[in-house]
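K.L.:
When you get a sec, could you build the whole thing from the sequences and use the hints?
So the sequence lines, in the order shown, correspond to chains A and B.
No gaps in the numbering here: position 138 of the first sequence is 260 in the numbering used here, and each next residue is one more.
No gaps in the numbering here: position 293 of the second sequence is 304 in the numbering used here, and each next residue is one more.
Don't read these hints as lab results, they were simulated from the structure.
These numbers were taken from a predicted model, which means no experiment stands behind them.
The reader is advised that the hints may include incorrect statements.
[To be verified] DEER-style ranges, computed between Cβ atoms:
no.: 1; chain 1: B; residue 1: 39; chain 2: A; residue 2: 293; range: 17 to 23 angstroms
no.: 2; chain 1: B; residue 1: 61; chain 2: A; residue 2: 293; range: 41 to 47 angstroms
no.: 3; chain 1: B; residue 1: 54; chain 2: A; residue 2: 209; range: 22 to 28 angstroms
no.: 4; chain 1: A; residue 1: 197; chain 2: B; residue 2: 147; range: 51 to 57 angstroms
no.: 5; chain 1: B; residue 1: 200; chain 2: A; residue 2: 263; range: 55 to 61 angstroms
no.: 6; chain 1: A; residue 1: 367; chain 2: B; residue 2: 244; range: 40 to 46 angstroms
no.: 7; chain 1: B; residue 1: 31; chain 2: A; residue 2: 292; range: 52 to 58 angstroms
no.: 8; chain 1: A; residue 1: 293; chain 2: B; residue 2: 162; range: 35 to 41 angstroms
no.: 9; chain 1: A; residue 1: 293; chain 2: B; residue 2: 32; range: 58 to 64 angstroms
no.: 10; chain 1: A; residue 1: 209; chain 2: B; residue 2: 38; range: 27 to 33 angstroms
Just so it is clear, CB atoms sit at the ideal spot from N, CA and C, and this is done for glycine as well.
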Amino acid sequence: MGKYIEMIRIRFLMMLAYRTNYYSGIIIYSINIAAYYFLWSAIYGAKEDIQGLSVIQMTTYIAVAWMARAFYFNNIDREIALEIKEGKVAVELIRPYHYLNMKTMAALGEGIFRLFFFSVPGMFLVSLVFPLQFSANPATWGFFGISILFSFVINTQINLMTGIFTFFIFNNDGLMRAKRVVIDLFSGLILPISFYPGWAQSGMEWFPFMYISYVPSMIFSEGFVGQQVWNALMMQGLWCLLLLVPIQVLWVLAKKQMVIQGG
Amino acid sequence: MNSMIHVEDLTKEFKSYSSRSGLKGAFRDLLTRNYKIHRAVDSISLDVKPGEMIGYIGENGAGKSTTIKMLTGILTPTSGDVLINGMNPHKEREKFVKTIGVVFGQRSQLWWDIAVQESFRLLKKVYNVSDEDYNSHMAMVIEALDIAPLLDKPVRKLSLGQRMRCELAAALIHNPPLLFLDEPTIGLDVLVKLKIREFLKELNKQYNTTVMLTTHDLSDIEALCERVVMLDEGKIIYDGSLSQLKTSWGEGKQIQFHFKTPKTRDELIRSTGQQLVVWEPGENENTWTANVTNDEDIISQVIGEVVANHQILDLKILETSTEEIIRNIYEEGIIHG
Numbered sequence: 123m124g125k126y127i128e129m130i131r132i133r134f135l136m137m138l139a140y141r142t143n144y145y146s147g148i149i150i151y152s153i154n155i156a157a158y159y160f161l162w163s164a165i166y167g168a169k170e171d172i173q174g175l176s177v178i179q180m181t182t183y184i185a186v187a188w189m190a191r192a193f194y195f196n197n198i199d200r201e202i203a204l205e206i207k208e209g210k211v212a213v214e215l216i217r218p219y220h221y222l223n224m225k226t227m228a229a230l231g232e233g234i235f236r237l238f239f240f241s242v243p244g245m246f247l248v249s250l251v252f253p254l255q256f257s258a259n260p261a262t263w264g265f266f267g268i269s270i271l272f273s274f275v276i277n278t279q280i281n282l283m284t285g286i287f288t289f290f291i292f293n294n295d296g297l298m299r300a301k302r303v304v305i306d307l308f309s310g311l312i313l314p315i316s317f318y319p320g321w322a323q324s325g326m327e328w329f330p331f332m333y334i335s336y337v338p339s340m341i342f343s344e345g346f347v348g349q350q351v352w353n354a355l356m357m358q359g360l361w362c363l364l365l366l367v368p369i370q371v372l373w374v375l376a377k378k379q380m381v382i383q384g385g
Numbered sequence: 012m013n014s015m016i017h018v019e020d021l022t023k024e025f026k027s028y029s030s031r032s033g034l035k036g037a038f039r040d041l042l043t044r045n046y047k048i049h050r051a052v053d054s055i056s057l058d059v060k061p062g063e064m065i066g067y068i069g070e071n072g073a074g075k076s077t078t079i080k081m082l083t084g085i086l087t088p089t090s091g092d093v094l095i096n097g098m099n100p101h102k103e104r105e106k107f108v109k110t111i112g113v114v115f116g117q118r119s120q121l122w123w124d125i126a127v128q129e130s131f132r133l134l135k136k137v138y139n140v141s142d143e144d145y146n147s148h149m150a151m152v153i154e155a156l157d158i159a160p161l162l163d164k165p166v167r168k169l170s171l172g173q174r175m176r177c178e179l180a181a182a183l184i185h186n187p188p189l190l191f192l193d194e195p196t197i198g199l200d201v202l203v204k205l206k207i208r209e210f211l212k213e214l215n216k217q218y219n220t221t222v223m224l225t226t227h228d229l230s231d232i233e234a235l236c237e238r239v240v241m242l243d244e245g246k247i248i249y250d251g252s253l254s255q256l257k258t259s260w261g262e263g264k265q266i267q268f269h270f271k272t273p274k275t276r277d278e279l280i281r282s283t284g285q286q287l288v289v290w291e292p293g294e295n296e297n298t299w300t301a302n303v304t305n306d307e308d309i310i311s312q313v314i315g316e317v318v319a320n321h322q323i324l325d326l327k328i329l330e331t332s333t334e335e336i337i338r339n340i341y342e343e344g345i346i347h348g
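P.N.:
Quick look at the structure:
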């Protein structure tokens, strides 16, 4: 276990290695949230609420969605793809740890770092300028915490799968780009799922994407209450377990037909 | 069975496709592809004793790196058995890699953006090395490789020679009994090379570390390894001592004469006869090289005859270098070896 905690620490050091990256990261988060705030206030115009969400709830939803994204989002797929393309995966495989577990821990380090050092300061900046409505209920914060942990696991699992695909198709850029768009769109980051037409909503229930962003944001903005929260958390947990199966299968196949590129 | 590495009939095949030529071919490739099976390593067998330092040589693409990758558990062999330290590398990978150290000369295993000592610290955790072991062992390594001043610098700021010394130290954090070095001296200057060689010798003496070394720099092999294994097109073509290789392949000697006045071939043949010597012109008319068989009597006879009949300024006896021997083998194959 020590080595995994050490990996989180190393990731922190890596994120801190470039100062400019760090400061611009905070600003980018604030700008993103601000842009969506203006967009939504324009859409709302004089209307009191759309689909049962008031404009303040909507802004809070967006702000929280971005804060959660700071935590669950990572570039593990890109990293794996790059390591495979450059043959660096050879070096990873001579170390006594499970490659995918270590990547997951690296992602977790990155997530924790971004959450506390990008998005919390960013959120503070944003809350000075725009009206946001944070719940005072500690239970809501608790559920939100659990929920973004699940979001992280689901998103990372999808990233791992996308990354491992590079073992089979060698150049993976198209797939990774497609995955990113699909996740941003279908996870409810840009638009709450309840805004989609009914048939699309019921279709999305069969995919894990909405459990990445829509669920934690709804929990936090108290769009889900009571039993709904428990159901949502349970579905998240279920997806975490379900996604382990394809990852394991892909990994075993990948190891069998691995080619180390570039000598 | 008291061997460190035991390899039997190890084979690795890669499936690769060949592209058809032209635009039409490219469209056909979209539908069906021509696959070719390429045998990178072809049923090799090998036994290495603990404490041995062996050199693994061969042309580019002969299958050296593929072998190393199978022995380190990275690649799964197509067929054959590997038993290292009593373990099967790819089946018990995580347990197995704790007992080996690997340096790939062309890839870094340190983290690019962070200080060297942070990489070491992570590796120490990864290999579960206790503080006492780390301190006593790494103190010696850091001292011998002279990397103490580099430890707080990020890897991206190190020169290649500095980085390679750190790589070597990183591979030794857990003091493994077996060390694989895949072209560790590639692109390094003479001083760094010497330092690394000295260090490896010291390591071998102190801890009885088994070392398997692939390189294109034969002076590395000459300095370190008593045994060489030579690979060609995936097959072992020579496995034995380096001196044996030299005597069976280094057929003749060359004697280079520098004469006071210009000479012609006829003049020289008149004095030495044609049976024992083949004369080759040198850079100018005053220098000639005599190729003779490696036999003391003949050599002294030729020198005596030349010196008796001509005035010379200088004389050199050249032995065929390992480099040349290896080149001959690569070019001709080992048919008569």
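K.L.:
Look at each hint and say if it fits the structure.
P.N.:
Going down the list of hints, with the structure as the test:
A hinted range of 17 to 23 angstroms holds for the C-beta pair residue 39(B) and residue 293(A), which are about 20 angstroms apart. As the Cβ distance of residue 61(B) to residue 293(A) is approximately 43 angstroms, the hint placing it in 41 to 47 angstroms holds. As the Cβ distance of residue 54(B) to residue 209(A) is approximately 25 angstroms, the hint placing it in 22 to 28 angstroms holds. For residue 197(A) and residue 147(B), the Cβ-Cβ distance of about 40 angstroms falls outside the hinted range of 51 to 57 angstroms, so the restraint is violated.
For residue 200(B) and residue 263(A), the hinted distance range of 55 to 61 angstroms is satisfied, since their beta carbons lie about 59 angstroms from each other. In this structure, residue 367(A) and residue 244(B) meet the distance hint of 40 to 46 angstroms, their C-beta atoms being roughly 42 angstroms apart. Judged by the Cβ atoms, the range 52 to 58 angstroms given for residue 31(B) and residue 292(A) is violated: they are separated by roughly 19 angstroms. Remark: the range hint 35 to 41 angstroms for residue 293(A) to residue 162(B) is upheld by a beta-carbon distance near 38 angstroms.
A C-beta distance of roughly 21 angstroms is found between residue 293(A) and residue 32(B), which places it outside the suggested range of 58 to 64 angstroms. Take residue 209(A) and residue 38(B): their Cβ atoms lie about 30 angstroms apart, and the range 27 to 33 angstroms holds.
Comparing the model with each earlier hint shows violations of hints 4, 7, 9; every other hint is respected.
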